[in-house]
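Peer 1: What follows is the residue order along each chain.
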Amino acid sequence: GAVVSQHPSWVICKSGTSVKIECRSLDFQATTMFWYRQFPKQSLMLMATSNEGSKATYEQGVEKDKFLINHASLTLSTLTVTSAHPEDSSFYICSAPARGGFTDTQYFGPGTRLTVL
Amino acid sequence: GESVGLHLPTLSVQEGDNSIINCAYSNSASDYFIWYKQESGKGPQFIIDIRSNMDKRQGQRVTVLLNKTVKHLSLQIAATQPGDSAVYFCAFGGFKTIFGAGTRLFVKA
Numbered sequence: 020g021a022v023v024s025q026h027p028s029w030v031i032c033k034s035g036t037s038v039k040i041e042c043r044s045l046d047f048q049a050t051t052m053f054w055y056r057q058f059p060k061q062s063l064m065l066m067a068t069s070n071e072g073s074k075a076t077y078e079q080g081v082e083k084d085k086f087l088i089n090h091a092s093l094t095l096s097t098l099t100v101t102s103a104h105p106e107d108s109s110f111y112i113c114s115a116p117a118r119g120g121f122t123d124t125q126y127f128g129p130g131t132r133l134t135v136l
Numbered sequence: 065g066e067s068v069g070l071h072l073p074t075l076s077v078q079e080g081d082n083s084i085i086n087c088a089y090s091n092s093a094s095d096y097f098i099w100y101k102q103e104s105g106k107g108p109q110f111i112i113d114i115r116s117n118m119d120k121r122q123g124q125r126v127t128v129l130l131n132k133t134v135k136h137l138s139l140q141i142a143a144t145q146p147g148d149s150a151v152y153f154c155a156f157g158g159f160k161t162i163f164g165a166g167t168r169l170f171v172k173a
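Just so you know, the sequences run in chain order A and B.
Using this note's numbering, the first residue of the first sequence is number 20, and each one after it goes up by one.
Using this note's numbering, the first residue of the second sequence is number 65, and each one after it goes up by one.
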């Protein structure tokens with residue numbers, strides 16, 4: 020089946036620094052990828068849609084200047100958390116539809132645990 | 065907007081018994097619903113899906129039931145095993161996937 024990877028799997032950073040998280044589709048191409056955030060014991064919350072070759076679209080309430088998304092190729096999307104603060108500590112998960120179209124099954128990455136000190 | 069919710073936040077079952085996890089959803093034009101399993105520290109794993117033109121769909125040890133009249137979705141796991149212990153999410157599919165609140169399933173040996 021389709022595989023989505025994330026790097027790093029966990030990261031600890033100091034408050035005020037920026038952190039980049041990578042999401043890769045390993046055996047398929049994805050013109051669209053999605054970024055989610057999950058706080059402990061809560062559900063996944065969709066943050067934004069990453070679009071290859073164009074700007075990302077953000078969900079209501081998500082600061083686009085704080086969560087920078089770049090979809091540089093058909094297999095790579097990156098999420099940069101800028102000027103991170105402790106409240107940004109969370110589990111960040113990306114997904115990609117295997118065929119890149121409507122109602123396709125989403126394949127999820129293993130997640131990245133971000134801890135901001 | 066769309067929302068997907070759950071009746072039971074925690075479910076504890078005996079190994080070998082059947083498990084039923086429920087999900088209620090609000091008014092929606094979606095025709096696609098999915099169940100995901102998430103183990104601790106991992107990303108969600110696809111279990112089974114169903115479209116709105118269906119009432120039931122079966123997989124290996126799992127069955128999804130959809131009642132559009134009362135906007136209710138359920139996941140049935142037959143002969144529950146310790147490896148089934150996880151959090152289960154119903155999700156509303158389409159171009160974007162929106163998740164419900166989740167139910168934690170504990171399987172007692």
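Hints may contain errors.
What the hints assert, rightly or not - FRET-style restraints, in silico, Cβ to Cβ:
#1 B:Lys-120 / A:Gln-61: 37 to 45 Å
#2 B:Asn-86 / A:Ile-31: 21 to 29 Å
#3 B:Phe-170 / A:Cys-32: 29 to 37 Å
#4 B:Asp-81 / A:Glu-82: 44 to 52 Å
#5 A:Lys-39 / B:Ser-116: 46 to 54 Å
#6 B:Gly-123 / A:Asp-46: 19 to 27 Å
#7 B:Asp-119 / A:Lys-33: 22 to 30 Å
#8 A:Ile-31 / B:Phe-170: 24 to 32 Å
#9 A:Asn-89 / B:Thr-133: 28 to 36 Å
#10 B:Asp-81 / A:His-104: 28 to 36 Å
#11 B:Thr-133 / A:Glu-82: 24 to 32 Å
#12 A:Glu-41 / B:Gln-109: 30 to 38 Å
#13 A:Asp-46 / B:Phe-159: 33 to 41 Å
Just so you know, the hints here were simulated from the structure itself, not pulled from any lab data.
Glycine included, each C-beta is placed from N, C-alpha and C at the ideal position.
Peer 1: Which earlier hints turn out false for this structure, listed by number in ascending order?
Peer 2: Result: hints 1, 2, 5, 7, 9, 10, 11, 12, 13 break, sorted rising.
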